[in-house]
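Peer 1: Protein chains in written order, with the working numbering: chain B, 396 to 709; chain A, 41 to 271; chain W, 742 to 1129; chain D, 21 to 286; chain L, 115 to 540.
Some clues are possibly wrong.
Straight-line distance between alpha carbons at most 25 Å, and here's what the computed SDA-like set of lysine to any residue pairs gives [claimed, not checked]:
(1) A:LYS141 to A:MET41
(2) L:LYS275 to W:ARG1046
(3) W:LYS919 to B:ASN678
(4) D:LYS248 to D:GLY55
(5) D:LYS105 to L:GLN332
Note that these hints are calculated values from the structure, not bench results.
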Amino acid sequence: MEFTLFTLLNGVSYGLLLFMLSSGLTLIFSMMGVLNFAHASFYMLGAYIAYTISSQIGFWPALVLAPVAVGLLGAMVERYGLRPLHKFGHIPELLFTFGLSFLIVELVQLIWGRAAVQYAIPAELDGPLFTLFTTSFPKYRAFMMLVALAMLGGIWLVLTRTRIGLVIQAALTHPEAAEALGHNVPRIFMWVFGGGSALAGLAGVIGGNAFVTEPAMAATVGSIIFVVVVVGGMGSLAGAFIASLLIGVMQTTAVALDYSFASLLGQMGASVSPGTPFYALMNVTIAQSAAILPYLLLVLILIFRPKGLLGTRE
Amino acid sequence: MLEIRNLHAYYGKSHVLHGVDLHVKPGEIVSLLGRNGAGRSTLVKAAMGQVSATGSVKLKNEDILGLKAYQIAYKGLGYVPESRDVFPTLTVEQNLVLGEKSGKRGGRWSLEDMYGMFPRLRERRAVPAGVLSGGEQQMLTLCRTLMGDPDLIMIDEPTEGLAPKIVTLVGEYLMALKEKGVSVLLVEQKLAIAMEISQRVYVMGHGAIVFEGTPAQLRADAAVRKEWLEV
Amino acid sequence: ENVKIAFIDPLSGPFAPVGQNQLKSFQLIADMANKGKWAGDNTIEVVGFDNKGSPQESLTQLKAVIDQGYRYITQGNGSGVGLALLDAVNKHNERNPGKEVVYLNYAAVDPDMTNSKCSFWHFRFDANSDMKMEALTSYMAPDKNIKAVYIIGQNYAFGHAVSRAAKEYLARKRPDIKIVGDDLHPIGQVKDFSPYIAKIKAAGADTVITGNWGADLALLIRAAKDADLKANFYTYYGITTGVPTAMGAAGAERTKIIGNWMANNETLNGKEVVEAFKAKYNDDYYAAQTHVIITMLSNAIKAARTADPVKVAFALEGMKTQSLNGGVMMQKADHQLQQNLYIGTWTKTNGKDIKYDQEGTGYGWRMDKKIDAYVAGQPTSCQMKRPG
Amino acid sequence: MSAMHNPTMPAHVPAMALELRDVRKSFGKSEIIRGANLGIAKGERCAVIGPNGAGKSTLFNLISGRFPLSSGEIRLNGGVISGKKPYQINRLGLSRSFQISNLFVNLSVYENLRCAVLWSLGYKYSFWHQLGKLRDAHERAEQVLEQIGLQRQRHVPAGVLTYAEQRALEIGITIAGGADVILLDEPTAGMSRSESDAAVELIRKVTVGKTLLMVEHDMGVVFGLADKIAVLVYGEVIACDTPQRIRGNAEVQSAYLGTEQETEYA
Amino acid sequence: MSTVRFQPMNLGRWLLWSAYALILLAAPLVFSKGGGLTLLSQMGTVMIFGLSYNMLLGQGGMLSFGHAVYSGLGAFFAIHAMNLAGAGQAPIPTSMIPLVGGLAGMAFGVLFGYVTTRRAGTTFAMITLGLVELVFASSLMFPDFFGGEGGVTTNRVIGDKILGISYGPQIQVYYLIAFWLFVCTVTVYAYTHTPLGRIINAVRDNPERVEFIGYDTQWVRYLVLILSSFFAGVSGGLSAINFEIVSAENVSAIRSGSILLFTFIGGIGFFFGPLLGAIVGILFSVLLSDYTPAWQLYLGLFFVLLVRYAPGGLGSLLMLLLRTAKFGQFGRVAGPLGWVCLAALPAVLGLVLCVEMLYHLTMEAANGSVKNLFGVAADTRHAMPWLVAGGLMLAGVLGWRRAQPAFAEAWNDASAVIAAKIRSAS
Ligand SMILES: Nc1ncnc2c1ncn2[C@@H]1O[C@H](COP(=O)(O)OP(=O)(O)OP(=O)(O)O)[C@@H](O)[C@H]1O
Ligand SMILES: Nc1ncnc2c1ncn2[C@@H]1O[C@H](COP(=O)(O)OP(=O)(O)OP(=O)(O)O)[C@@H](O)[C@H]1O
Ligand SMILES: [Mg+2]
Ligand SMILES: [Mg+2]
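Bound-form chain B, shown alone (with noise of 0.2 Å):
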């Protein structure tokens, strides 16, 4: 009881995260559609910049500011990196992007070191929020459900609000028609980007120190989150979300499914021993294979529904 309830609270507080990370690639990559390899380095720098104000000016104004910061970087990018890309195609806008990552892990590493840095979490968020039968659940945790949930509502609210989604699905096919009815491409393309930039950071803001602050935290969550903009299908926000959660839950269930098809077979009577083909991949337990559910789930409905679970386009 007491452990399928948490598996299902962490598998949802996993999800959520996941989305906090994915959330500006899908604004970015889905209706921008530059595939921006350099997204987990935005999150790395929200952490450090974060790091950085939070031992100077406390956790809340890092809050603010880091995200802020990594936003106005992201749109110089924009402005002066990929702008003049566009035209090229979509190729050597993820190239340059690419290589970006490469840049900032590397000024990272020369700005704050190559070990990882003790950005701790703020006293007023640390310890367990409750604690039911044994386990306690920790108030961070809680505080990124709630930051997640945040992110979730605002991006909604600029898309429905505002005509900014519609101009710029127009303005990737057509971009000087666009222009010629009177919207500034341009400017919404490096604020859109901008904007993703900021959501990485963040992420990163508030990951970096519910994980670990290191030149190595945008290489791990690196293609996971474009798992989760493909699955939840391009264009769709509300697809991410979902993929989101889907691919948390099933990692944090999958660990706990301690089953391989040799046990299987063992419950139907027939035995597997070492001799019998295929006895490694036979004994793979479900729990082994967590981390590699997303990719097989990515595999598949590339597949069988390329347009993701919500998406409106290939």
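Model the placement of chains A, W, D and L with the ligands on the given structure of chain B, informed by the hints.
Peer 2: Same frame as chain B, now just chains A, W, D and L with the ligands:
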């Protein structure tokens, strides 16, 4: 309304317009005729700030040359491109909505007026514009620009790919625009309607204006027609 | 003569901090050796080469350093790399007689390297994982509070080895202890360990044994604190750079470590090194093997009266000496160093017996027990082929 | 519609190149093609006219296999092609052009044409023939190049051709494969009088002995080329007859031509 | 690449190829000392990999994030084959091992390609990303075959020497690689001039239309992927021989990423792009990393600047120069170009100095503040070296400011002239 003086336009190095002078008075329909490649589209593109050009372009006595396209649009210049640039992934209605300028309410036209003009669009309002028929796309681009409530609208070959019946319809609608006090600069291939609806016509050849006058004068002037319009 | 040792380990990427720390440790000791003329007139120099943590890159670097005339290499981060290098060194020496290279292994702990895969050209100065587990279990055995043990590790050779040894030895020493779980998770991919903690809790474990290192260890322990799991963690690598910072207070009185030395040992032996290191690099010295290696190499060079690897290798065999962790001996049969081992607990420093903290966290390792070399001794299956 | 306008029932007429039998197509709720019947004899030049959105291009897309039919049947030279994939249909000898030019923009004009002939010459997916050595492909490409009069642009990437040239290449690619049934969707769209006259000549030239089905709004072109005109209104063929008869047809007048057209085409 | 006249045989091409062969033969004699051979061998394998990758990206417009899967799996099969041969259970000479790799790679191409090539564009890219992560993760899960994180090692010296060749010495391995490189280059080049090779270009430009000239685009992509995975496998086999080890990283997303990087650096629009890219890429990632800890920074900078200012890659720059030369315009631009480069030089130098000193300050400050730069000892704690570096950069920038316009002018004129010539030609 619109006043173009000594306009030179370039595509990279190739010099396409050689000092064009042209003007459109308020509430006037002016047609710009000429063979393919004469430079008509380039002219309107230049006025819209989509092609690098030198000279002077004044809208309501404001210099607009060198401004960005969206700024020009806000100053009240509308442009319907010849290549039907509908936004394929958006629905017909979304396309129209995008025509409106943010923060500029209460224009001359509403969605309903547009659907009134071309009922076909109302039927198709919910489908992605990309799947529209060629002609429907043509109608859509026209309406989309009108939604922006321009004071002067430049239309590049609107009747292209339209059924003869619709062509005459479009002619009538252009007249209607005039009634609403919108000036029109019409780039046309089909002599017939151009002659019929416009007060003045320009004929363009090799990137320069070779004739300016009323349709009547043009009808009279067989030489120009022969040299610059027919084969 | 100036004897150059090529240090082939990660100097960039995720494992760089550890690599950097150990390179610095080597260089500090080398300085001391040269100042103190440990190797007579010969000097020792340790130069770092970045293998980016990859076996393949290591071999490229090996080729490079051999081209540059190095005859001694040292490596420690990862048995995967270690095995690759071992194999490559053997091949090189066999193909290029007269240009042999000796591999001084300071921390690759896969038992095979001194058993089935043992080689004359390889010397291991750290206790291999079985020895450490032997010591660990014999420390756990008398503790009657330990009833249910959970083993969790990264899903690769070392993780497997730890789990195998743990089960085997506990069964031998404390048959009553129940192994309530045995988990393997992918390296460096798990962000959120709470599900694993939930599992451990559900299994009712009072003790956890893990071979995890780096972020995987830190996150595991943090998750444990968050979920308020009351269990002790017996770790191999709680001491390595980065973990203390990441673990911070979360690990206090919860995390234990098995190592071949610790700064806060009974006599604070080696404090001059620790302080010199702190003074020079503002970092913590913990890789005591570096001291053993430089000492033994110096002695061997003196004894052999040459820096020629083959002669030095022979001289190293069976050599005895004193190091930071007391008397040590390089076992001739398998080139596995025999040394005392220490068990400690992550605790607030108190300035007295817990003098030195790590990474300025205010926490350090309290020594719980010193385990004599023979306790951890292992039988070896090594049949060594010696040149000539 | 009344029987007299009903298109010739294919069953009775032999040697039909293309037959549509009660073809229907709906996208979502809206039915676009509502039971179209049409039969085109071998060697015939037939023009499809009709108001915008009547379904002409859609009809082409159905015939050429771009969209699947909702119901009905299409036969090419007697064999059923409905339900087949575009490339399969093309291999059976039907080729089409597009209303909006649809070229290989980065390839040279010559390569565009050579690509178009490869399959019909039986080279399929070969990766063992050297293109340079395929004399037949080369000659065929050159021939078409010359027919559409783009020899001088042979090495220019198709993307930078002028509009008219692109239309010409569009037609070139369509006929290069040597298919005997050709579908052209508004081949002269956006051309000036002079250019479209040239285009008509070109089309007449390249389609001798072939069956031609084309969509066109320019009555000049239609009456200049077609020996039969089918009128499509709201997804139905309301008439299919000789140009003169169609011109006289009141229903067509009201549905499509509108009044006082002739001025321009005189 | 896209336009070829009807020319059954062509002398120029023969000359080109022989020159290529000569370079391959002579290279080790020139770069004999130090790690030269090791580098060359590595470049060789990467070149083949790049060629195979560009069959997808450059010629087919298929952006793959997982091409290492094919080279990697090829490598694994190759190395197991070598071990079998070593154990005397399979009579395969080392020189034929690459073939084993190739076939293995191809087999997986047949297997995975069937799934991945069902889609194109971004969807394809994402599937490959998922696929590579899958294969990578599983490779760690099945140590029996993949050898865990340590990988599988082997001994390339199989049996006794055949006419003096044991493949023990690096030089012999180099020539083996060079041989295969030559063969692969020729075959891949030939392939680009076959019907399939041309149709894939068409598919890249406009898949829809291809369907209407008789081709099944899915099949085209599938076949091309299979072929390309064969060459990927060959390069994998060669790297297995070269390193005598294959590990999980061979099938990793990082590998796939780096080949994308290299190929792009070289220029995906040109047949020889991947070859260029391999050279530069290896120099950066292997050679530079021996000299400076900042190599990743340099690589990143170089790459970002390249993408930003020459999205066509080095190949495009080269071609532009060649073109100007071909039309006899080189004289016009040579001078200004020289000046621009001259101006750029101090800027680059200054930048390098700054970066190096920064790194020293942050990473090795403990070993004294003195850093040896190009043989000059600079004290990073003093202002002087910084001033020098700054001055150099400033000088460079100013020089650039002065020289650049002249160059731009000359360049535009030249290209105008060329454009004119072309027009008059056609
Ligand atoms: N993007 C471009 N780059 C280079 N030259 C161009 C470009 N667009 C048009 N041109 C050239 O400029 C000249 C004028 O083109 P423009 O489109 O204005 O002609 P037009 O009068 O609109 O004819 P059409 O009936 O084809 O629209 C033509 O010679 C054309 O080839
Ligand atoms: N994929 C689709 N989904 C939904 N509606 C479609 C689709 N394709 C076409 N339609 C609709 O079918 C109708 C017929 O389109 P079609 O392009 O065949 O018209 P057309 O006869 O070619 O007109 P035009 O002469 O203007 O080209 C149009 O109303 C169009 O909106
Ligand atoms: Mg035009
Ligand atoms: Mg149509």
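Peer 1: None of the hints should be skipped; say for each whether it holds.
Peer 2: Evaluation of the provided hints:
1. A:LYS141 to A:MET41: 21 Å, holds
2. L:LYS275 to W:ARG1046: 38 Å, violated
3. W:LYS919 to B:ASN678: 22 Å, holds
4. D:LYS248 to D:GLY55: 20 Å, holds
5. D:LYS105 to L:GLN332: 12 Å, holds
The structure fails hint 2 only (numbered hints given earlier).
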